[in-house]
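Trainee: These are the residues of each chain, in order.
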Amino acid sequence: MLTPDILAAAVVNGLTTGAVYALIAVGLTLVYGVLHIVNFAHGAILAAAMFAAYFAFQYGVDPYVALAPLAVVFFGLGYAAQRLVIGPASHGEDRNVLLVTLGLSIVIENLLLAAFSSDTRSINTTYGFATIRLGPLFVSLPKAIGFGVSCAVGMTLWALLNYTDIGKAIRAVAKERMGARLVGIDPPHVFAVTFGLSAACLAIAACVLLPVYYVDPRVGEAYVLIAFTIVVLGGMGSIAGAMVGGLLIGVVESLSGLLLGDSLGQLGIYLIFILVLLLRPRGLFGATA
Amino acid sequence: MAETLLSVRGLHAGYHDLKVLRGVDLDIAEGAVVAVLGGNGAGKTTLNKTLSGLLRPESGEIVFDGRRIDGESAAAIVSVGLIHVPEGRKLYPDMSVRENLELGAYKRGRPARARTLEHVLAVFPRLRERLSQRAGTLSGGEQQMVAIGRGLMGQPRLLILDEPSLGLAPRLVDEMFELIRRLNRDGTTILLVEQNVMQSLEIADIAHVMEHGALTLSGPARMLAEDSALAKAYLGM
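Taken in order, these protein sequences are the chains called X and A.
Here the first sequence is numbered in my numbering, starting from 1 and rising by one per residue.
Here the second sequence is numbered in my numbering, starting from 1001 and rising by one per residue.
Among the clues, some could well be false.
Claimed, not checked - Beyond 12 angstroms from chain X on every Cβ pair, some chain A residues (computed):
id : residue
1  : Gly1066
2  : Glu1142
3  : Gly1219
Stated by the list, open to error - Now the in silico label distances, taken between C-beta atoms and shown as ranges:
id : chain 1 : residue 1 : chain 2 : residue 2 : range
4  : A       : Glu1118   : X       : Ala130    : 48 to 58 angstroms
5  : X       : Gly92     : A       : Arg1126   : 54 to 64 angstroms
6  : X       : Ser263    : A       : Ala1076   : 53 to 63 angstroms
7  : A       : Ser1132   : X       : Arg177    : 42 to 52 angstroms
8  : X       : Tyr127    : A       : Arg1128   : 18 to 28 angstroms
9  : X       : Asp94     : A       : Ser1139   : 24 to 34 angstroms
Stated by the list, open to error - Just a few of them, taken from the derived set where beta-carbon distance is under 10 angstroms, the chain A residues facing chain X:
id : residue
10 : Ser1052
11 : Leu1054
12 : Ile1077
13 : Ile1083
14 : Tyr1106
15 : Met1223
It should be emphasised that the hints constitute simulated quantities derived from the structure, not laboratory data.
Just so you know, even glycine gets a beta-carbon here, dropped at the ideal spot from N, CA and C.
Start from the sequences, fold in the hints, and give me the full structure.
Mentor: Dropping the structure here:
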């Protein structure tokens, strides 16, 4: 029986899942907006970050504690990967960047496979099954935290892009590389910062996912497929689009799971996806020109 | 004679196999307006791009204020005060006019940013009411104002203006040349690259004609204006 309570619970559950989708999509759309390529290593970096959080937990560091230091570490790794590997290997050609990130994803995934095998692992936390009460609803505590953290990161990123010098430099490079160089902005540095921010978002996503999910070397793939859908849905390169698109996809997935059953739940995502592309090909927040 | 601010010797540059600049020699004295005139494809824009570090020279020497800058990055060249306002403006279309202007002080002139912005708005009062508008939605003349304003935000010692009158309505062209004169009076040295010969010669101190990647005719602008050889060399008739 479909009561309003069950529907509300499904919506809330969808929002909490969708916020983490959004967090993963935000990094993907940011890199697309600035470097004009899809980062194929996105999923592999997420998997690496989840392993990092997993081993931090084995050494007694809770994922929520590891969140900030891992974000910093992954910012550095992302910066270095772009500056030392992806940038130099692509010789200034965008299409090469695409191939280099694909190569990077294969390397990372296989390193993870070789080191940790394909076993799925998860962590047991004291709060893993804790819930908080929201009126008539019970919400999983780690998912509520994931929702809060993801929204905070999305807003921080938006503020960074709009109100800081480096954020404005990122937006300038995204649209007008030559004009950016003429005021002294160094595009390779901006590309690397962009990649670093994207990797930091993944590290944060990894830390909020780990308490409610498992990790294996291929864990990123499922998320990235959804994240890519969100990026296109929201408008390629749009941060706001990725945030709204992520929440929307989360809710649609949850509701269609409720109505069609778990195995058909993903169908809803692609129905919405096709509808949006039919009616608004540039995506919800896509640029008009 | 004023100090030499920019000195270029034997500059060669191009794109891959295409040689564009073939031995450019150029001196610009502090406080001067120097015009480089020439038709399409003569190499004027390549010269600008090489001076501002967007393009690496193949050989030759560029000395700015006593310091070698050839081979330096565009950012390093901006920070010594050689600022290039490009042909086609190259604004950030979906950022506001204010953001476009403020980014002009990204590398240089940062401490004085608020004050310079007031100065730029005094030079271009029309931009004040457009500050929060997206740069891509402005008219061509207004976009050119933003481009020059962005250049001024970096407190240029040498301002390179590449075809500032291109695509402007005739009345705005006159305004543009008047503006260049005014900027120069305020103390900015200017390298003006133009296809608009007569008006450029009116405001320039020294003029050069560029053909096939080299400066083929040089002299005081007043003399070139009366020289029939210019008509031949430049207009080709």
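Trainee: Could you work out which of the previously given hints the structure breaks and list their numbers from low to high?
Mentor: 5, 7, 8, 15
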